[in-house]
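Protein chains: 2
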Amino acid sequence: MNAIATIVESPTRKKRRNGGRSARIAQRTIQVASPNVIKRMIPVYDLLNEEALLKLESHADWILQEIGIEFHGDAEALALFRNAGASVRGSRVRFDRGHARALCSTAPSNFQMYGRSPDSTITLGGAHVVLMPSYGSPFVSDLDKGRRYATIEDFRNFVKLTHASPYLSHSGGTVCEPVDLPVNKRHLDMVYAHLRHSTKPFMGSVTAPERAEDSIAMARLVFGAAFLDNHCVIQGNINVNSPLTYDETMTGALKTYARSGQSVVISPFILGGAMGPVTQPALLAQSHAEALAGIALSQLVRKGAPVVYGNFLTTMDLKTGAPTFGTPEANLASLAIGQLCRRLNLPLRTGGNLTASKVSDAQAMQESTASMMAGLLAGSNFIFHAAGWLEGGLTMGYEKFIMDLDQCGAMLRMVGGLDITKEALAADAYREAGPGGNYLGSAHTLRNFETANYRSELSDTSSFEQWTESGSKTHEQRANTRWKETLAACEDPPLDPSIDEALLDFIARKKSETQDQWH
Amino acid sequence: MNAIATIVESPTRKKRRNGGRSARIAQRTIQVASPNVIKRMIPVYDLLNEEALLKLESHADWILQEIGIEFHGDAEALALFRNAGASVRGSRVRFDRGHARALCSTAPSNFQMYGRSPDSTITLGGAHVVLMPSYGSPFVSDLDKGRRYATIEDFRNFVKLTHASPYLSHSGGTVCEPVDLPVNKRHLDMVYAHLRHSTKPFMGSVTAPERAEDSIAMARLVFGAAFLDNHCVIQGNINVNSPLTYDETMTGALKTYARSGQSVVISPFILGGAMGPVTQPALLAQSHAEALAGIALSQLVRKGAPVVYGNFLTTMDLKTGAPTFGTPEANLASLAIGQLCRRLNLPLRTGGNLTASKVSDAQAMQESTASMMAGLLAGSNFIFHAAGWLEGGLTMGYEKFIMDLDQCGAMLRMVGGLDITKEALAADAYREAGPGGNYLGSAHTLRNFETANYRSELSDTSSFEQWTESGSKTHEQRANTRWKETLAACEDPPLDPSIDEALLDFIARKKSETQDQWH
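Chains as they are written, first to last, in the working numbering: chain A, 1 to 519; chain G, 1 to 519.
Note that these hints are calculated values from the structure, not bench results.
In this text, a Cβ means the ideal position worked out from N, Cα and C, and glycines have one as well.
Be a bit skeptical, because a hint or two may be false.
Computed footprint of chain A on chain G; a stretch qualifies when at least three of its residues, placed anywhere within it, have a C-beta under 8 Å from a C-beta of chain A [what the hints assert, rightly or not]:
hint, segment
1, 68-74
2, 186-198
3, 315-324
4, 353-361
5, 430-437
6, 453-466
Start from the sequences, fold in the hints, and give me the full structure.
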């Protein structure tokens, strides 16, 4: 659990005190030893047998060969695929059986992402589990002010709350959409917030290739150009335009991150019945095919580029057309997609505390818990939307965020598993207390009670009388108190003033170069 | 799924129209074909490896050999153990390694329980999954009237709601404690409620051997003596007086049910840190040892008596001493105990929608969902407390009951798994809609949308605007409306008036024989 990654100034810095700031930044480097580790110590759950998995893989191959994937408006991507031997007709790319999979084979099975503090390095892949907050909500809500459009202040609040949590080791990307800022410039403030209020790894913009470039440029100011060239410090989440389509915005961002040696997450997003058939086996094969095509592109751009096998498979209420979350079909799909990903030996992304509920009520946590548990048992390495998600992702909830953190703590305890040690078997306790005894005062209990159980700071376990005396508060009401306390106690991690200045200069320059766009 | 179990009158009945009612009842019989089936189609989850399981089994053997189990006040039980070769000193029974396990080997790996209608037969064991409502709460609560002591009216309400649910195939036992009735007579009204308002299999009294006898006698009036002798129609839940102790009340009830060929559930009840050590591995070994001893006794009373391997392992908040539920440690314990049970090849009981929350809020469903999912992945055959549980079992909640039913529906869908058929792979949908298309109108979607997804009748998936227009209701508020509608629509299943009369006569006679006791 100890980490010794430190941002250190180059020794030449003092000598060149009057040298250019950019020269100093270029020489800045990071020393890294063992990363911050949260690992799954329990087995993955294998839902499907070999025969079923082969059928799904074969069907994905059929989709890639017979139907193909559209790559719109990106001649470079089409050329890369053509040169690699795929069939390209118009914007449709088709792959012989096994070809897309073979192209993916240069992607690393796991990789590290570096934050700007010694303890913030994470590993994506293997048995590692990384949780990050929700992504992309245009709205926020809390019990006091209700639901409203998100602002950059909300964005900063969630970055701070994430930084303060021991359970979220990734700061996320668009933790909410700051709609009070111009569309073409808000990425600058978002990336700055991640870099200023947190030390954890984060995601940059993917809404245009130049915004992806800006995001990487800002990371370069913090990490140094040399370090960034050889280490992953920023990430882009590439949402596939399912069904079976990538547009030039997404491939543009994909290429930008991959070319810089930075990570992409390839995330097919499929509502069964709309962007794909209504049956889960079809969606699994489709999601697999879409992911293979995107991962293949990342490897054609730069062999060995760090990439995460993503997915977002969920269901629809077919009466109303509304998306649904944490449903049994969606959870089964998470379990199966985990198996497909393992056979590629790539890091797996799944969704986290998902719900369609508008408020942080019983429905919200019923759906969230099932979804989260399925993701972890699927062997997920990287759980998106682990905190804050409400209303199918339209809203980032302050109370939900705090509830979800508590859930994350419990779930990470669960994936820690059971260790059958001599001490845990407690022979001495039985000798001491025997049948009919009370074990509360036994020496074994005294030795172990501090560490034996995950201790929720939010759940109420008091008696009905105590609970009534404390105001009969619901989980949501307790979370309301807690997020305010937690936020008030947040402190920004230190940031070298020269780096901060460089970031602010960069932002000011970029903002002055173009007109504001609001749509 | 079709069942042809029918209560039929013996053909001799018409001929003997003037014969005694008891004679007619004795000749009543039941014809049974295939039972009502809900099966787990997904694999069990194996948390622990072989080495860890051997350690736990060995530690259970050590407990049985070195510490032993107390059997208080039951000379018959002690004699049975002594005759079987166990070491009995005072009330302490010790078993050589493997002996208790060997004594359990005559218990059936699965058995059927018969209800009084053709479609109510259930199987306990194998891949079958049977859900039943909560058991034992002295309080009930609903949003309108709050928390109060339970009455026989509440009891009847929950029996009716259970009968109406397709997800609960067992009517339960003391679904709540009717504290408005005398302690020594309320079992008569409870058993009558199960028999009158439901056709599903149920549990009788265990609070005294004579109350167990009364329960069985009432079942005999409905099923006929000959049928009952050879078929399981009633069940007793034997809560072990953990740690490592059985009192004469529990062994008395155990023997009564087992002797009649009726089923018992052997349920160690251990709060880690109080009735056992604070570490889960110790609790697992202890629970296993306690279960083995009780199951062994059932087999010494009657070889082949149908028995369920139960457990109730949970955690405590060690600051306050309050029991906690749905915690990661408790859920890991459920997964591990499932493995220990499978190695005995016995039906497994686990807990269901458990929570410490006082109300049907986010905490309630977070804890319940994790607990329920762990139980099902553990391979549970028989889930107690699948509906209604609040406040660590002290309260049966009307809204919680309805929420839990929805959860049960979703979970049973999950255990149905994914079937990778040609139709589910939907090749024609891809040919029809291709990349970028909308699959909503495809022929494949139209063929499959009715059956593709579990459809919650309680969760809200509407838009924020629709939800607001509908009154911004929480899950709990929707459940409040729903339980009232459901209860109002409940109809008692038909019951032969002569049987009803016999039951009422029996109850009247029993009630007149003794004074009311209130404590």
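Cβ contact check, 8 Å cutoff: the segment 315-324 of chain G against chain A, three residues minimum
The restraint on the segment 315-324 of chain G holds, since 10 of its residues have a Cβ under 8 Å from chain A and three suffice.
Stated coverage of the segment 430-437 of chain G by chain A [criterion: 3+ residues, CB within 8 Å]:
holds (count 7)
Count the residues of the segment 453-466 of chain G with a beta-carbon closer than 8 Å to any beta-carbon of chain A: does the count reach three?
holds (count 11)
Are there at least three residues in the segment 353-361 of chain G whose beta carbon sits under 8 Å from a beta carbon of chain A?
holds (count 6)
Are 3 or more residues of the segment 68-74 of chain G near chain A, judged by a Cβ distance of less than 8 Å?
holds (count 3)
If you count the residues of the segment 186-198 of chain G with a beta-carbon closer than 8 Å to a beta-carbon of chain A, do you get 3 or more?
violated (count 0)
When each numbered hint is compared with the structure, a violation occurs for hint 2 only.
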